[in-house]
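Participant: Chain by chain, the residues:
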Amino acid sequence: MSDNGKPKFAMYWASSCGGCEIAVLNISEKILDVDAAFDVAFWPVAMDAKYKDVEAMPDKSITLTLFNGGIRNEENAYLAKLLRQKSVFLVAFGSCSSEGCIPGLANFSSGKDLFDTVYDTISTDNPEGIRPQYNWTTPEGLDIHIPVFSPTVRTLDQIVDVDYIMPGCPPESHQIAAVVELVIKALNGEAELPPKGSVIGAGGSTVCDDCPRERNIKKITKFVRIHQVENIDPDLCLLEQGILCNGPATRNGCGALCPQVNAACIGCYGPAADVADYGARMITALASVIDSRDPEEIESILDGIPDPGGSFYRFNLAHSLLHAAKSAWVGD
Amino acid sequence: MTEQFEPIIIGFTCNWCSYRAADLAGTARLKYPPNIRLIRMMCSGRMDPTFILKALSEGADGILLTGCHPGECHYLEQNYKALRRYLMLRRTLPQFGIEAKRVKLVWASAAEGVRLAREITTFVEEIRALGPLNWKDSRAYNNGYGVAEVEVSTEVPA
Amino acid sequence: MERITIDPITRLEGHGKIEILLDEDGNVANTYFQIPELRGFERFCVGRPVEEMPLLTNRICGVCPEAHHMAAAKAGDAVYGVDPPPTAKKLRELLYMGFYFTDHTTHFYALGGPDFVMGPDAPVAERNILGVIHKVGLEIGGKVIQARKYGHTIVEMLGGRKVHPCTSIPGGVTKGLNEEERQKIEDMGRWGIDFAQFSLQLFSDLVLGNQTYVDLILGDIYTHRTHYMGMVDENNHVNFYDGLVSVVDPDGKRLGKYAPHEYTDWVAERVEPWTYLKFPYLKKVGWKGFVDGNDSGVYMATPLSRLNAADGMATPLAQEHYEKFYETLGGKPVHQRLATHWARLIELLYSAERLVELATDPEITSPKFHTVPTKTPTEGVGIVEAPRGTLTHHYWTDERGLLTKVNLIVGTTNNYAPISMSINKAAKSLIKNGTVVNEGLLNMVEMAFRAYDPCFGCATHSLPGQMPLELTIRDADGNEVDVLRQFC
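Protein chains in written order, with numbering that gives the first Met the number 0: chain A, 0 to 331; chain B, 0 to 157; chain C, 0 to 487.
For the record, the hints were derived by calculation from the structure and aren't laboratory data.
Fair warning: there could be bad hints in the mix.
[What the hints assert, rightly or not] Straight line, CA to CA, 16 angstroms or less: simulated EDC-like cross-link-like pairs of lysine to aspartate or glutamate:
id : chain 1 : residue 1 : chain 2 : residue 2
1  : A       : K325      : B       : E76
2  : C       : K252      : C       : D310
3  : C       : K374      : A       : D290
[Said to hold, decoys possible] Facing chain C, a subset of chain A residues (Cβ under 8 angstroms, in silico):
id : residue
4  : C16
5  : G18
6  : N25
7  : T120
8  : Q132
9  : I145
10 : P211
11 : E229
12 : L256
13 : S299
14 : G303
Beta carbons are placed, not taken as given, at the ideal position from N, Cα and C, and that holds for glycine.
Chain A extracted, bound-state conformation (with noise of 0.2 angstroms):
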């Protein structure tokens, strides 16, 4: 609690875009509820304060933390652990903290292979090699740092506990709008907060029961890539069309926005409800409708999905069962 007895409010990005930051912001009026209702303690889009800052707060000080982005480096992940202990309920808010998001797929590739990547572009003058060092000795001898970067992309629930899982890249605003306007209620005793663990500010279904488009008794005999259609029909079924679309497996709560506009979903809102591993769950999805028997035909078939890891595990890979490629890790 802070001196005026509002209750502390904190939103911190570790290794994000800054999408989740702008489609809080987009609740447009709702901030200012979340300004008479809260004292913002920590937002480094926002104010000043700094990591000391919250160092120096007293344990689960903050009442309501928004961690968004990915666990990336060390100084994410010290951040994640300082937040925990000083939050009373602690959000994995947005993709990247939930499941690791787009820049999850670094984990099908080592991290000697990104910077050997990253630090010799075609456009990239660097004949010495030279490498980020995380210590380093100035010309004028001081030593300045950068943090540690980690073998793997994490999530926050595999570096603390979290209390809500709010999904989507980014979660829509209208949704952030209803989570912060039950938040509010909950502070002042007009409403009860979900069991701790849920995934809240999303459906319990998937996309495709928030998608408007007509859907027949499935029979996929080709897998076409989008641009390859000469004519999306916008009333049918994506899927049905063969173009490939991640809704079967995905939680819904976006609203369908995607399909809505004649392009398919590409699962941002993280897996459905009970779904282990996303991934697993877009494979019985399209095995299920998939319309062949024989070997030699289905394997023509899957021809047509070029890159599987990437069309499964888009969004979800650090989450995955299996968290990354074998590449990927220290000591192999």
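For this one, chain A is given, so just place chains B and C on it according to the hints.
Facilitator: Chains B and C alone, transformed into the frame defined by chain A:
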């Protein structure tokens, strides 16, 4: 002298055919390697790729999936679903650095005890040749080592 | 040897750290602006299908995903050697103008504007968007929120979502525009033109009408004579979506214009061991260090750069302001970094005018918005102007269109060297012989940084509008002597 690597194989077997075949092998005292741990499912179509991924991530070196021959599924069509899931999984696993050969699908009927025992024996040797997968132990990232192998304390200051 | 650490720089998209090193006399020996972040898109996009790149690269930045979306879309077109139908290009550019409109608005009113509207010496607590609203009125605050909403609505109508649009594919877009939507966008655009002109008038009244600010803008602390870069159309007018990249030297002389596939002849990136981010520079001039001048390959890519690198604006009202801009500041090119705020407002006006132009184009509602690619995919480059600078996406694919190699040069990255130099110069000008470092100093360093609107600058939409800084001053033994803070 080094100990020979003994693969851990999980066998997801269908109740109506291959599980019975394994039984048959047992009653006929046909030997097959103890490396395989059989898990009985009512149908190969019950196989969720999650089972395979979980097994691999928790210590299995190889997965053998058995089901009724095409056209003979007790529940009519479900072994085809197993086939399709299996083919997709074999395309996905290499992207994780897991050899597709570590997962194998074999059709066997209840009468094929001899054949099943042979398939199991063959598979164990195939996996032995590939070497251990050791997925669980190679998750060194949990220790937080960076590329430059500098360990940084992530303890929160008191 | 004393050391002043600013860590972390807050109110940016991302993380940053500044180390200021003082010598025995208390003068600044050097500064190091470190970027502690890396995610590695150039690596993990390898193996992905090229049509996913507009979606994957969105996630490089949630403040300006539209920029990456467009660069990726154009690179995808180039990879397939496909020319999208005119309607597709116009729809993409229309979405892009909606985005530019919201983005430039938020930067000026919440980040840059407060320094001028309130004044660099105003109390810390007032130097933010709330202070601005108190000074100029609630009505204006409402307009700013309206402007943001309109911009994001246009992005959502054309791109599917407000953040991370999803409608661009190789060969065009997935969705067209109907008449009802078109009319809505046109109305929002016309409102936007008025709003942009209002903003320019506000700038003129509050800033140009105040001699102190004019002196600040023209002063030496924030001036660097560097090369400039920006995309221009066939008439050498500023264009954000398509054209050639014009490069001019510190005297304003054009060194050339390059097409996307020629970028490697012009730009190279250096690596330093003390930061994760690379430093681009002009290859033809060569890297001479973090210095100004005609012989230094350091270049800037910002709204100011775009105006400097072009011969004019493509729309009439913006052109009027372009002329007035150079007349007031003494000719082309303008080197004063703080003038970037003015240049940004001129671009704001252009984006609104261009929005209306496109929204009233007879082809904009055509159902022909995609051409199926027929050629085998190989390699391609897509370049657009992100609000923070020239953005380059370069893809190589196999015959199935899966990426085999990726090279990206991202907006703010272009400016990494100039920002470092601006921080250095501001620090050196203001910290001498052990003068007391005070709040005023903090804000002055801030202003050097903020003019670039680093895409580290997303705080924009929030209430407090300034960059919080903390300086820790240590003696030679590393003991803390003083800590100065600037809160919001």
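Participant: Now tell me if each hint is right for this structure.
Facilitator: Quick rundown of the hints versus the structure:
A distance of roughly 35 angstroms separates the Cα atoms of A/K325 and B/E76; the hinted pair therefore is violated under the 16 angstroms criterion. For the hint pairing C/K252 with C/D310, the CA-to-CA distance comes to about 11 angstroms; that is within 16 angstroms, so the pair holds. For the hint linking C/K374 to A/D290, the alpha-carbon distance of about 30 angstroms lies beyond 16 angstroms, and the restraint is violated. Among the interface hints, the one on A/C16 holds; its C-beta lies about 4 angstroms from the nearest C-beta in chain C, closer than the 8 angstroms criterion.
The restraint placing A/G18 at the interface with chain C holds, with a minimum CB-CB distance near 2 angstroms, inside the 8 angstroms limit. The interface hint given for A/N25 holds, since its Cβ lies 6 angstroms from the closest Cβ of chain C, which is under the 8 angstroms cut-off. A hinted interface residue such as A/T120 counts as satisfied when its beta carbon comes closer than 8 angstroms to some beta carbon of chain C; here the least separation is about 4 angstroms, so the hint holds. Hint on A/Q132 holds. Least Cβ distance to chain C is approximately 4 angstroms, under the 8 angstroms limit.
Hint status for A/I145 relative to chain C: holds, with the closest Cβ pair at about 5 angstroms, below 8 angstroms. Nearest Cβ of chain C to the Cβ of A/P211: about 14 angstroms, over the 8 angstroms cut. The hint is violated. Because the smallest distance between the Cβ of A/E229 and any Cβ of chain C comes to about 6 angstroms, under 8 angstroms, the interface hint for this residue holds. Residue-level restraint check for A/L256 holds (minimum Cβ-Cβ distance to chain C is 5 angstroms; threshold 8 angstroms).
Because the beta carbon of A/S299 sits about 14 angstroms from the nearest beta carbon in chain C, more than 8 angstroms, this interface hint is broken. Residue-level restraint check for A/G303 is violated (minimum Cβ-Cβ distance to chain C is 10 angstroms; threshold 8 angstroms).
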